[in-house]
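Knowing the structure of chain A, use the given hints to seat chain B on it.
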Amino acid sequence: MTISRRDFLKVAGITAGSTLLPNLVVHAASTGNPDEYVAMLYDATICVGCNACTNACRQWNKTTPVKDDRALYDAPSELSADTWTMIQLYQGEGEYSFVKRQCMHCVDPACVSGCPVHALQKTAEGPVTYDAKRCIGCRYCMYACPFHIPRFEWDEVIPVVTKCTFCYSRIKAGDGPACAERCPTGALIWGKRGDLVAEAEGRIDAEPHRYVDYIYGKEDAGGTSVLYLSAVPFGKVGLENIGAEPVPALSEGTANVVLPGILVGGPIVLGLIRWISKRGGWEESWPV
Amino acid sequence: MASLTQTKKSALPISFFPYLALALLAVGLSIYRLVVGLGPTTNMSDHYPWGIWITIDLFLIPVAGAAFTISLISFFFGYEDYRTVLRPAVVAGFLGYSVVGILLFLDIGRWPQFYNILDLGIINPHSFLEEISLCVTLYVVILTLEVLPILFEHSKFEKYVKWIETGIYFVAGAGILLSTLHQSSLGSMFLLMRHKLHPLWYTPALPLLFFLQAGYTGLGTTVIAITLVWRSKSLPTNRLLIRRIGQAMGINLLLYASIRIGDWMGAGEIPMLLKPNAFGWIAWLEFGLGILVPLAILFSKLVRHSQGPLWASVFALMGTFINRLMITWVGLSEPSPVTYFPSWIEIMITIGLIAGGALVYERINYYFRLLPEKHEKHQ
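Protein sequences appear in the order of chains A and B. Start counting the first sequence at 244; every next residue gets the next number (the working numbering). Start counting the second sequence at 11; every next residue gets the next number (the working numbering).
Okay, chain A solo, but in the shape it has when bound (with noise of 0.2 angstroms):
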């Protein structure tokens, strides 16, 4: 089968939509050009595992350290509502790296598209912010997310779903994210999406042999705004092969086209169905 599933139903879907509603097909998150987004490069082979960043984001976000067994140490092992950012250790046979863990900042959100009220939005810089004021708590982000990283307060009486917010209010008064500016190495940087992408091409056109030939982020899930340079294979690192796609193009083709249908047609099916039956003419047609 050379003809998927999908693509059928994005062909089906697209001929109905342009047919009979062009209008309506809008995207909800297309707002600002991807290359203008602030953006971050995380370079793992350069990454040395010293957490600072995680650090910064605890002390802008005031969020509260995790500690180990001990007692002695700042020590998350996942992300969590406390745990906006962290770097992981991957060990395989012979080698290793470090991952950092945040919100990608996707430049097509799937927590944007499903969330019902609008806490989370896509802002016109690129980061994917979240208003408490709106949420209902309903965790459909959650779900969304194909990164899995929006987490809750599930200890609060009223809790809200945190992430990182690419610290938007550092942002809008024109720093950098609190983790980068404090990234000792240099293996986490900022800056436009565009020139970042330039720069990590430029990085493996340079060192071919250094890195992976991919940068992550640059296409996966239709591009995200923080893109991962790495020696060890992405997969083996946590960031799946999910596709280029952007996560909500099947769930909002589908809204543009099947909401209006089913109101705009219902009441002329079940219009019809009423004259035809009125007519008595269901009875040789319709076995029951």
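It cannot be assumed that every hint is accurate.
[Stated by the list, open to error] Below are the SDA-like pairs computed for lysine to any residue, each with C-alpha atoms no more than 25 angstroms apart in a straight line: (1) A:376 / A:416; (2) A:461 / A:437; (3) B:206 / A:493; (4) A:521 / B:173; (5) A:376 / B:145; (6) A:479 / B:208; (7) A:305 / B:49; (8) B:311 / B:248; (9) B:206 / A:496; (10) B:206 / A:321.
[Said to hold, decoys possible] Label pairs and their computed distance ranges (CB to CB): (11) A:488 / B:161: 46 to 56 angstroms; (12) B:268 / A:318: 46 to 56 angstroms; (13) A:335 / B:309: 54 to 64 angstroms.
Since the hints were derived computationally from the structure, they do not count as laboratory data. Where a beta carbon is used, it is the ideal one built from N, C-alpha and C, also for glycine.
What follows is chain B alone, placed relative to chain A:
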């Protein structure tokens, strides 16, 4: 002669005090959950952000689709004899959606601002969850309108609800549109989760599958509910009507089965069924029990037996439950060693609310007229 006082004592298999006790326990636990939060009362976590309540919601909504399918057949397809079962179906729908509404309210973390989903100034028109929220809210209003004439019948309020019966085609039509929208959107909601939902259950056709499933599940609920109501009034089973509802179910099931199989084939997932792991076996169980068994009953002579459509309905509902269980919980897991099993509070709130709904159904069947007077006079 069939006045209310002469109606036989209801014999729905529901005893008052145990059900009341369960319902009251659920009320107490619900208040406790709202006061202390989700963490101390549920086993949900960052790895399983949704739990048994969502599973029950997604099962009860097609079950409560009874009102929608019977309205469609009786008002629009013009099968007048289906109106016999309209009231039992509408009341079942109303109570089903009420339980869902309460569960959703308990489930959302920031419940004090739940009304944000109705604030047209901030809502997201691209979100299927938002569309479901709006449609379900409006549909509960429609169901209330359809239930009021039953509750106010032969009372001094009757004249205030006359307009509902006058405009019943618009009320019922709006209900059918809202149901079509949100029953299919429940499936569309998972279109954002193709990276997480198990491939045997994920498909771009989810909206269509959910819609058809709501059709046959709602019809099945009607068969079960009407059989119980007839028995409670010691009325004979109307075999012809039951059979015709069963055949409508059969058509729905056939469409559902062909799309499901077609999707498995088109996506190259048949090997997962031929060499099944745990998920493959569950898919077999779901498909065999919930689709093939009802189809075998409904498309054979068994459909003429008074118990045939009833058992087909029971099996179809079991299949729907397995399906919704897989899509909301078992087949939808974050990659982690953490597993989820509901806490006793989650379970008791679920059981108690459903018991409460069943109890109210029993009381309505007892105090109000769910069946046509004509039918009762025959007794």
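Going down the list of hints, with the structure as the test:
| no. | hint | in the structure |
| --- | --- | --- |
| 1 | A:376 / A:416 | holds (23 angstroms) |
| 2 | A:461 / A:437 | holds (10 angstroms) |
| 3 | B:206 / A:493 | holds (15 angstroms) |
| 4 | A:521 / B:173 | holds (23 angstroms) |
| 5 | A:376 / B:145 | holds (23 angstroms) |
| 6 | A:479 / B:208 | holds (21 angstroms) |
| 7 | A:305 / B:49 | holds (22 angstroms) |
| 8 | B:311 / B:248 | holds (17 angstroms) |
| 9 | B:206 / A:496 | holds (20 angstroms) |
| 10 | B:206 / A:321 | holds (19 angstroms) |
| 11 | A:488 / B:161: 46 to 56 angstroms | holds (51 angstroms) |
| 12 | B:268 / A:318: 46 to 56 angstroms | holds (54 angstroms) |
| 13 | A:335 / B:309: 54 to 64 angstroms | holds (56 angstroms) |
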